[in-house]
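Residue numbers (this note's numbering), protein chains in the order written: chain A, 38 to 889; chain B, 690 to 965.
If you are wondering where the hints come from, they were derived from the structure by calculation, not from laboratory data.
Keep in mind that the hints are not guaranteed to be accurate.
To be verified - Here are the in silico distance ranges between beta carbons for each label pair:
# : chain 1 : residue 1 : chain 2 : residue 2 : range
1 : A       : K886      : B       : D854      : 53 to 61 Å
2 : A       : E487      : B       : S843      : 30 to 38 Å
3 : A       : P689      : B       : R863      : 23 to 31 Å
The beta carbon of each residue, even a glycine, is placed where N, CA and C say it ideally should be.
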Amino acid sequence: MTNHWTDLQNSDVVMINGSNAAENHPISMKWVQAAKEKGAKLMVIDPRFSRSAALADLYVPIRSGTDMAFYGGLYNYIFENELWHDDYVKAHTNASFIVKDTYSFDDGLFSGYNAEKKSYDATQWGYVVAEEVPWDTSPTGAYSWVTKPGTPAFTPLVNKKAKKDPTLQDPMCVFQLMKTHYSRYTPEMVSKVTGIDQDLLLEAYKMYAATGEPGKAGVVMYAMGQTQHSYGSQNCRAMSVMQLLLGNIGIAGGGVDALRGESNVQGSTDMGLLFGNLPGYLNAPTKAHPTLASYIEKETQYAGWWTNRPKYLISMLKEWYGAYATLENNYAYDMMPKNDGTPHSHIHMFEAMEQGKIEGLMLWGQNPAVGGPNCSQERRAMANLKWMVAVDLWETETAIFWKAPGADTAAIDTEVFMLPAACHYEKQGEVANSGRWIQWRYKAVEPPGEAKDDAEIISEIYLKLKEMYEAEGGANPEQLTKLNWDYLDDAGHIDITKIALGINGYVIDPATGGPKGGVGLASFANLQADGTTACGVWIYTGYFTGNYIDPDDPEKKKTIASMDPTKMKAGSRNNADEPLIEGTKPLGLYLGWSWAWPLNRRIIYNRCSCDAKGNPYNEDKVLVKWDGTKWLRNDVPDFGFQAVAADGTVTPTPPEKTLSFMMTNETVAKLFGSGMKEGPFPEHYEPFESPLDNQLSSQQNNPAVTVVESAAKTLGTPDKFPIVMTTFRLTEHWQTGGLTRNLPWLVETMPKMFVEISKDLAEEKGIVSGDNVVIENNRGAITAYAMVTGRIKPLTAGGQTVHQIAAPWHWGYGSTCSVGGMANDLTPNIGDANTHIPEYKTFLVDIRKQEV
Amino acid sequence: MAETAIMYDSSKCTACKGCQVACKQWNQLSSPLTSDEYTYTKSFQAPLDLSPKTWLIINFSEEDKAVGIDWNFMRNSCFHCTEAACEKACPVGAITHAENGAVSINQEKCIGCRYCVASCPFGVPRWDEATNTTFKCWQCQDRTTADRKPACVSTCPTGALQFGDRADMLAAARDRVAELKEAGFTKAEVYGENELGGLHTIVVAQRGLEAHGLIRDPKIGLTDFWQLLKPLGGIAAAGVVGALGFSYFMARDYSRDTMVLDDATGQLVKVTEVKK
Numbered sequence: 038m039t040n041h042w043t044d045l046q047n048s049d050v051v052m053i054n055g056s057n058a059a060e061n062h063p064i065s066m067k068w069v070q071a072a073k074e075k076g077a078k079l080m081v082i083d084p085r086f087s088r089s090a091a092l093a094d095l096y097v098p099i100r101s102g103t104d105m106a107f108y109g110g111l112y113n114y115i116f117e118n119e120l121w122h123d124d125y126v127k128a129h130t131n132a133s134f135i136v137k138d139t140y141s142f143d144d145g146l147f148s149g150y151n152a153e154k155k156s157y158d159a160t161q162w163g164y165v166v167a168e169e170v171p172w173d174t175s176p177t178g179a180y181s182w183v184t185k186p187g188t189p190a191f192t193p194l195v196n197k198k199a200k201k202d203p204t205l206q207d208p209m210c211v212f213q214l215m216k217t218h219y220s221r222y223t224p225e226m227v228s229k230v231t232g233i234d235q236d237l238l239l240e241a242y243k244m245y246a247a248t249g250e251p252g253k254a255g256v257v258m259y260a261m262g263q264t265q266h267s268y269g270s271q272n273c274r275a276m277s278v279m280q281l282l283l284g285n286i287g288i289a290g291g292g293v294d295a296l297r298g299e300s301n302v303q304g305s306t307d308m309g310l311l312f313g314n315l316p317g318y319l320n321a322p323t324k325a326h327p328t329l330a331s332y333i334e335k336e337t338q339y340a341g342w343w344t345n346r347p348k349y350l351i352s353m354l355k356e357w358y359g360a361y362a363t364l365e366n367n368y369a370y371d372m373m374p375k376n377d378g379t380p381h382s383h384i385h386m387f388e389a390m391e392q393g394k395i396e397g398l399m400l401w402g403q404n405p406a407v408g409g410p411n412c413s414q415e416r417r418a419m420a421n422l423k424w425m426v427a428v429d430l431w432e433t434e435t436a437i438f439w440k441a442p443g444a445d446t447a448a449i450d451t452e453v454f455m456l457p458a459a460c461h462y463e464k465q466g467e468v469a470n471s472g473r474w475i476q477w478r479y480k481a482v483e484p485p486g487e488a489k490d491d492a493e494i495i496s497e498i499y500l501k502l503k504e505m506y507e508a509e510g511g512a513n514p515e516q517l518t519k520l521n522w523d524y525l526d527d528a529g530h531i532d533i534t535k536i537a538l539g540i541n542g543y544v545i546d547p548a549t550g551g552p553k554g555g556v557g558l559a560s561f562a563n564l565q566a567d568g569t570t571a572c573g574v575w576i577y578t579g580y581f582t583g584n585y586i587d588p589d590d591p592e593k594k595k596t597i598a599s600m601d602p603t604k605m606k607a608g609s610r611n612n613a614d615e616p617l618i619e620g621t622k623p624l625g626l627y628l629g630w631s632w633a634w635p636l637n638r639r640i641i642y643n644r645c646s647c648d649a650k651g652n653p654y655n656e657d658k659v660l661v662k663w664d665g666t667k668w669l670r671n672d673v674p675d676f677g678f679q680a681v682a683a684d685g686t687v688t689p690t691p692p693e694k695t696l697s698f699m700m701t702n703e704t705v706a707k708l709f710g711s712g713m714k715e716g717p718f719p720e721h722y723e724p725f726e727s728p729l730d731n732q733l734s735s736q737q738n739n740p741a742v743t744v745v746e747s748a749a750k751t752l753g754t755p756d757k758f759p760i761v762m763t764t765f766r767l768t769e770h771w772q773t774g775g776l777t778r779n780l781p782w783l784v785e786t787m788p789k790m791f792v793e794i795s796k797d798l799a800e801e802k803g804i805v806s807g808d809n810v811v812i813e814n815n816r817g818a819i820t821a822y823a824m825v826t827g828r829i830k831p832l833t834a835g836g837q838t839v840h841q842i843a844a845p846w847h848w849g850y851g852s853t854c855s856v857g858g859m860a861n862d863l864t865p866n867i868g869d870a871n872t873h874i875p876e877y878k879t880f881l882v883d884i885r886k887q888e889v
Numbered sequence: 690m691a692e693t694a695i696m697y698d699s700s701k702c703t704a705c706k707g708c709q710v711a712c713k714q715w716n717q718l719s720s721p722l723t724s725d726e727y728t729y730t731k732s733f734q735a736p737l738d739l740s741p742k743t744w745l746i747i748n749f750s751e752e753d754k755a756v757g758i759d760w761n762f763m764r765n766s767c768f769h770c771t772e773a774a775c776e777k778a779c780p781v782g783a784i785t786h787a788e789n790g791a792v793s794i795n796q797e798k799c800i801g802c803r804y805c806v807a808s809c810p811f812g813v814p815r816w817d818e819a820t821n822t823t824f825k826c827w828q829c830q831d832r833t834t835a836d837r838k839p840a841c842v843s844t845c846p847t848g849a850l851q852f853g854d855r856a857d858m859l860a861a862a863r864d865r866v867a868e869l870k871e872a873g874f875t876k877a878e879v880y881g882e883n884e885l886g887g888l889h890t891i892v893v894a895q896r897g898l899e900a901h902g903l904i905r906d907p908k909i910g911l912t913d914f915w916q917l918l919k920p921l922g923g924i925a926a927a928g929v930v931g932a933l934g935f936s937y938f939m940a941r942d943y944s945r946d947t948m949v950l951d952d953a954t955g956q957l958v959k960v961t962e963v964k965k
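Isolated chain B, as found in the complex:
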């Protein structure tokens, strides 16, 4: 299978949020049921952030002008990096790349350690307290392996979202950027070609990366990784957390088969020890 990618063209996006809703519908992610559970976001961006139950949102940012504004939209979801920090950080091998480049979390294996949460430069994975597992976009692999487009792409009314071979998506993005530049959007650029070894979500940033809130030249580094780990205290003592992370970076082929099913309760039992 060739590498595939979603292409998001911010210049064609009308920010209708159809993708947001389609994502929740296809993946059966719930929303609150009563009025009190919702808060006013002061913005068209709603919900304001990703969550274990929301894997895709459209970000809205306004740049004021004398007449009107520049209203910059951005699809906020997983970029499916080739050099995926989350995958590197996961101590139990719950995060993997599919052949087409999509990155997914296997909740059966996830131990809720939140290393991936801490390591992702884009802040994509979200930990769910109730199940002690972490969630994010998985590029609808149940659809793509059945020759269908991801739910978000299939619902997009304007062609702002496309899905196909990564090479084709990149070529289309480059063509679109050239068109936009000709039309006066001089800062237009492609995002995702080389970032983190190449992303599997390619973005046409109409008014430049910064205007759309994209991180220029994102990096994952060991130093940053350790920095991010410090405040975490999830599953056990900080030392264990450290050991887990350290062990991961030191011994990448380490066996992490530590989830067992408790026959008595029918529940998966979380990791309790680390073996060298």
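Pulled out of the complex, with its shape left as it was, chain A reads as follows:
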């Protein structure tokens, strides 16, 4: 979320698209309801009428997988009716940037496409460069750190300033290109693609586009309904572009809100658990970065805050490898594995497993036997493993994949180890929520039996591996044996607070190699590229530091040396909601409750809540404002608002010198951008399994997606499988059901696997509620109870009737209390081009009544 949960109450229009917030994020509705009490409108866009839709002022049924067409039509509506937030677009986006004439778009493809490689040459979508400004690395220059002793040598970058047309009239400026691109997305066309009735579509557009008026706030809440498509990343980008056109990012009540599907999924991505990431959203090195210098030169941006990237990488390596990481050995950069350039996502990992390329698998709170795409294939793939370790609270379906229905148990040789884990009440540590709040949670009880804290399990395994490598040697043993593991208590057990301090970062005490003064750094602005600081996750710097008021001088705050989480920012629990700027209204920012990354900013990009001169767009919802001489602040500014000299002299940064989006090279937001695999503007493509041809171009599917072999073999066509299916979650159950199908109180509230079928389709197929039905495609067949309901209805799209059915994916075979068909036996293992998130949310099936 660019804002946070409690900020939802400040919205004027809430769009829930591809999310079922009421069921999957129940507490979010507290704040949506609070907004509604103040007169806000709620719009829910979903193929099926959910419990979120039950609360909506406007429900918009859509053909699954056509969100991009919906957004494209909205842009067109905004342009046609001149509803964009003109001041915001000019001040805070790249609308005025002039694009090179090598950019073009024709019939679904952008310029630079290589059909053989299924990839684009993104340099064709660059800007016209007006001026090249090399980094000033002189002792007084902005980049003097580059030449500091200890900093690895690399070629300093050159800032390429784009040519602009502030009037937005140049035909090659982003704004004009965008207008042209989306002029094809007429209401007639969008209605034809999405199946949304045209009047209803225009009603929705009118409701949401009204938030383009300066001072109005619209928020979009989304989840897997947007992301789990073969163009899921572009859907996310499309929402950002929508919000930028309407001036809805960086303001109170506005934002692009990813509702994270698990309580700490935000934390897991912050920690870089995806194959392409390092902690703090640094990219993992690949074969394109064989040396530290090449990584720095390719990964560091030439402008904006990411110019500091080397500081974060080297500080991370210093935390990972401690004293072993030195300038001479490139701060142990060579110890990091370099990706071979092919994706190693969940899909690709199981594909490799099926091909016998993987021997062992460690699963941590994962249940791919039920949760993976095309999960029967994943269960078959696991049979090729020599060993598997499953760390979980329960015996999941994956832990007993060899007992799955249809499995040839006798032929499976995989050795499986179950390690019982402690649940969250049985261990302490931090959890990051969707609003980036990092909150410390305390241990309430000891874990039962042999169950252990995950960190303790990792530590025990690591220490054993280290011992074995030291005794027996092996390939590149230093990679493990030289790791900094200064996280143990006197008894040799893991001390989570020591890890927290390592994540937070500190100045290295040359004498001890540990944190100087025993305290963490308050800001990542203090991290260095010269090996003098260590920091596990730079965006978290400041969360595990404490302040206290000096009793001798109440004005003076001191940082205390303590490892007590209650005294740390992540443990702070001050629920006062008092605005800091006199005369302004409280906005639910709660700066004293926990700590939000980065630097406790609650609404990021908050410079955009003001015009170019620093005047708030909405005087009732002030985050920051320029009073003529300095910035007044209710939130922590997400921009350099002042400079503090060594002698303590503070110089405020005037509005014209501040950066709206300091994380981009452009230092403004990108309506047009070269960072995505399938083009600079999001474009509509059909899901890989679709009942319709693409109505907008002859390019049927995302041109940048490569399909793995097992998926290509099982793709279905609408002549055999005419019905669109989507999957969803229920408030009563959790993910693959490992947690909830073992709890009778929860099972009772939703005891059986079912599928939602429209009344029309039920009649056509002779199905009534309560019948057992078979749902099948080339990947599998499952049975479920029929739930015939008006909540799902056929749509007319592309001139034909499209039937959609929907089923939860909570059931499996591994519980005594509640078992049922696995919806993911039917989902395709085809991933998005940028992230490889599977296309769980739209695929084709057929359905029939089960013969008794």
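Position chain B against the provided structure of chain A, taking the given hints into account.
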């Protein structure tokens, strides 16, 4: 102690069933342990009905529309009536009003006669064959007397359930209905203000009483009472049942102290006779 009430605002309810589960957890009511013991309900309403082990459920009703549906939710549990039919019907004084208006069954006194089951216009009390006693929501009096909200209220994420002085709850419900009407829900109304002398569960019915399955102007009457008694044959001969009921209505101060502990078995012995 002032009269208190739970307020259920159907317009804020997301039907997450958190209240259902919290009720069972706090009151330690069991659920079946094996898959076979569960049946498919064909609905999001699960379990389908109240039972001795389920004192609160969310009811779901769908009204089909051209686009989507009206999905009407209702909290189905005891209303804690001022004129409580169950209390009037109970021959042994097992059902009583607390000072705050909450109505509860004392299972130590309950004889399993099921008069309350038959008399309740809302069908709330449920008889348990295994223990031959009847159960229902008691508004978590162990919590409310310790200055805590009932379990269902404390778990509600959206503020659809609130607990407080009945007068405050009524005022809040009236305000909410006014807001809803302004927002286009013209049939919105408050339930529980005067029904059966005033209920201690106040409902904001977003789309009107009927849409949420609420009985307009509920009544308890002697005629209905006798009608309902006829099919029952619980503890003894029908005549005894009749006599019990009749005696109750004729002599409300009648002594009904008929439960005795059998020293030999340690069990409570059920009523065996009626004295005038």
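Checked hints:
no.: 1; hint: A:K886 / B:D854: 53 to 61 Å; verdict: 55 Å, holds
no.: 2; hint: A:E487 / B:S843: 30 to 38 Å; verdict: 34 Å, holds
no.: 3; hint: A:P689 / B:R863: 23 to 31 Å; verdict: 51 Å, violated
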